[in-house]
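Q: If you read the protein sequences in the order shown, they are chains S and C.
The working numbering numbers the first residue of the first sequence as 1 and each following residue consecutively.
The working numbering numbers the first residue of the second sequence as 1001 and each following residue consecutively.
Below, in silico cross-link-like pairs of lysine-lysine (DSSO-like), each with a Cα-Cα straight-line distance of 27 Å or less:
1. S/K196 - C/K1070
2. C/K1070 - S/K193
3. C/K1092 - S/K164
Partial list, derived from the structure: chain S residues whose beta carbon lies under 10 Å from chain C:
4. P168
5. A169
6. L172
Calculated from the structure, these hints are not laboratory results.
Glycine is no exception: its CB is placed at the ideal position from the N, C-alpha and C atoms.
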Amino acid sequence: MKTYFKEFLRGIIKENPTFVLVLGLCPTLAVSISLINGIGMGIAATFVLLGSNIIIALIKNFIPDRIRIPCYIVVIATFVTITELVMKAYSPALNRALGIYVPLIVVNCIVLGRAEAYASKATVINSLCDGLGMGVGFILALLLISGIREFLGAGQLLGYSVIKGFQPAYVLGMPSGALLVIGLLLGFFNVLKNKKT
Amino acid sequence: MKNKLVVSVSPHLHKDESISKIMWMVVISLIPAGVAGVFIFGKTALWVIILCIISALVTEAVLEILSKRKVTVLDGSAVITGLLLAYNLPPKVPFWLPIIGSFFAIAIGKQVFGGLGQNIFNPALAARVFLMASWPKYMTTFTAPLNFDAITSATPLAAIKEGKVLEHLSYLDLFLGKRAGCIGEVCILALLLGAILLFMKGYISWHIPITYITTVGLFSYIFGPRGLFTGDWLFHILSGGLILGAFFMATDYVTSPLTRRGQVIFGIGCGIITAIIRLWGGYPEGVSYAILMMNAATPIIDRYTKSRVYGT
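Chain S on its own, in the form it takes in the complex (with noise of 0.2 Å):
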């Protein structure tokens, strides 16, 4: 039981795929801009890493060598399908907003990574104990993230304006504001981590 803790609490800290292995950067810049867009994203990331890592874990004396990348697309391609038409029926305003970047999540690093780093070497449980590890890793990452953009970008919480007479900085909305807020979180962490070492 512990093994598995631990496998599921490394995603989150000590391997954070955002702040850590620094995969998945596409979708984090460009949905970051709300917390409602990056919990909505971050939630639909950690369901197809999930199953995928769960599949390819089942399948992985199956696949053979050379076509594996093709193999897991496909996998992961399924499980973006099933989210993707979840996503447009019970919530069509999240999908608008997330746009391109819902289909996207075929190729976001973070799924063919631990499909090709890990669930294709590991046993099923510690593939999903990682997979959900990581999904909520990348989950508090946008969350920290977008919140901060949502707040300093545009006065608001999850769409409530905070505090009266905040007047927000609006290039933390614009692509450059992504840029910028994840150099300096990235920063901070790496400032932390040597810290500890």
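Given the coordinates of chain S, work out where chain C should sit on it, guided by the hints.
A: Relative to chain S, chain C alone:
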């Protein structure tokens, strides 16, 4: 007797120049433009300048103490950054705008890269662009010159962009600074005085400013509003932040090319980008964007204009 002969490593010729001496001389050369700005726009401009300098100094000191580096507040570079930022702001802005701007200039523009000499972009201009993108409303509201009731007025370039005709503005008005604009950019006469001081001291060379200004003049003359070769080149040179940018910001040692050939390329590049933004772009003024873009190109210019070692 045996101590008479001291053999030291080269360089053997010493000059009484140091980074901080050059920095303070640039500060002195910037003072006339500031005095003119305060005279033209009144007390509010003075507050903006003071706020910018103080918050730049405080930010620099706090960050250097926090990161346990040598505190270099007194070398004058933070004062220049604060001063240049203030010269790039409209005279009437809310008090927090200069503070945030100076913080951004020093923290993100300079210290993040490792302090003086390491930054890629001119810190003051980076902060100006940040403020421009964040709070465009305050950054584009200008007050009329020599009028202390804070009547808003468009800058000459913005008026031209909107298609208005400026009949009441003579070239002399533009030269002396009787127009709306940022604090430090309006009085060309004062800016030139400062620039002459820097030239005489040999701190800046003609390469960047002259090529920059000539290119803008040439472009705006060729692509005039009524067909080719009808442009009002003198107007384009005298209005906007071109003189301030060309003499004091494009010539920043850290962010401009090292070789003379590179500096000429840098100046022409700045001029072309400025002219393109002014004539066909969405913004009325493009000096800050042009210099920042060429700052980004500086490493590659340096690489291709590096003088060849003889024999290789």
